[in-house]
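Colleague: Sequence:
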Amino acid sequence: MIIGGGTIGMIMLQLAQLSGACRIVMLEPNKSRFELARKLGADLVIDPFSENVSDLLHEHGMGNIRVVIECVGAPESVKSAIEYAGKAATVMIFGLTGPDDSVPYQPFEAFKKELTIKTSFVNPNTQGRARDIITSGKLNIIDLISDYVKLDHIGDAFKPGPRNGKFIVIP
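Position 41 of the sequence shown, counted from 1, bears residue number 41 in full-length UniProt numbering, the numbering being contiguous throughout.
Just to be clear, a hint being listed does not mean it is correct.
With a straight-line cut-off of 27 Å between C-alpha atoms, the simulated DSSO-like cross-links for lysine-lysine are [unchecked claim]: (1) Lys31 <-> Lys166; (2) Lys118 <-> Lys138; (3) Lys31 <-> Lys138; (4) Lys159 <-> Lys138; (5) Lys150 <-> Lys166; (6) Lys39 <-> Lys138; (7) Lys39 <-> Lys166; (8) Lys118 <-> Lys87; (9) Lys87 <-> Lys113; (10) Lys150 <-> Lys112; (11) Lys39 <-> Lys112; (12) Lys150 <-> Lys118; (13) Lys138 <-> Lys79; (14) Lys79 <-> Lys113; (15) Lys31 <-> Lys159.
For each label pair, taking beta carbons as the anchor points, the in silico distance ranges come out as [to be verified]: (16) Ile170 <-> Glu109: 44 to 54 Å; (17) Gly98 <-> Asp143: 41 to 51 Å; (18) Asp152 <-> Asn123: 34 to 44 Å.
Keep in mind the hints are simulated off the structure, nothing from the lab. All residues carry an ideal CB built from backbone N, CA and C; glycine is no exception.
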């Protein structure tokens, strides 16, 4: 399960596939990202704000999630990651929460499920590996680019509004 369909979530989706994940579900409330998630390999995309996640997981035979990768960085999505993780699952908290954020969860739930909870922080040793996998062509990065912006119009790229990807600045 990937929680969050932003750029990082879409990259994690592809990395999960490359790592041999058999079925992948993505939780993402932005319907405009559903098609891209499916194109990149999600077997099921669920809007967690308008659909019953647990019911849909069971309907699709995905009731025992073994790996959850949280890519949002919001306390509620971290809580959801722990909630949806199955027995003996690994929960990877990749999204960056605020330094003062707290996550309301009951440690007994993690104990009862025998969860492994991992976190991630900037690691300079992974930059070379990331570059190598991107240049190998194994990841679809092109579809994650939503726009190209000329340098003299860079301010337009930072105006408020919905974004479905990243932009490239061109001279």
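Colleague: Are the Cα atoms of Lys159 and Lys138 separated by 27 Å or less?
Modeller: Between Lys159 and Lys138 the Cα gap is close to 32 Å, so the pair fails against 27 Å, i.e. violated.
Colleague: Please check whether Ile170 and Glu109 have a Cβ separation lying inside 44 to 54 Å.
Modeller: holds (48 Å)
Colleague: Is the Cα-Cα distance between Lys31 and Lys166 27 Å or less?
Modeller: OK: Lys31 and Lys166 at ~17 Å, within 27 Å.
Colleague: Between Lys79 and Lys113, is the straight-line Cα distance small enough, at 27 Å or below?
Modeller: The given pair, whose Cα atoms are some 14 Å apart, holds under the 27 Å limit.
Colleague: Between the alpha carbons of Lys150 and Lys112, is the straight-line distance 27 Å or under?
Modeller: violated (53 Å)
Colleague: Decide if the proposed pair is consistent with the structure: Lys39 and Lys166, CA atoms, cutoff 27 Å inclusive.
Modeller: Cα-Cα ~17 Å, so holds.
Colleague: Does Lys113 sit within 27 Å of Lys87, going by the straight-line distance between their CA atoms?
Modeller: Since the Cα atoms of Lys87 and Lys113 sit roughly 5 Å apart, the hinted pair holds (cutoff 27 Å).
Colleague: Just to be sure I understand the hint, the distance between the Cβ atoms of Asp152 and Asn123 should be within 34 to 44 Å; is that true here?
Modeller: Since the Cβ atoms of Asp152 and Asn123 sit about 35 Å apart, the hinted range of 34 to 44 Å holds.
Colleague: Taken at face value, is the distance from the CA of Lys159 to the CA of Lys31 at most 27 Å?
Modeller: Between Lys31 and Lys159 the Cα gap is close to 21 Å, so the pair holds against 27 Å.
Colleague: For the pair supplied as a hint, Lys150 and Lys166, is the alpha-carbon distance within the 27 Å limit?
Modeller: holds (14 Å)
Colleague: Assuming the hint says 41 to 51 Å, is it satisfied by the Cβ distance from Gly98 to Asp143 or not?
Modeller: This hint is violated: roughly 30 Å between Cβ atoms.
Colleague: Given the hint that Lys150 pairs with Lys118, test it: the Cα-Cα distance must not exceed 27 Å.
Modeller: Judged against 27 Å, a Cα distance of about 39 Å means the pair is violated.
Hints 4, 10, 11, 12, 13, 17, counting from the list given before, are not met by this structure.
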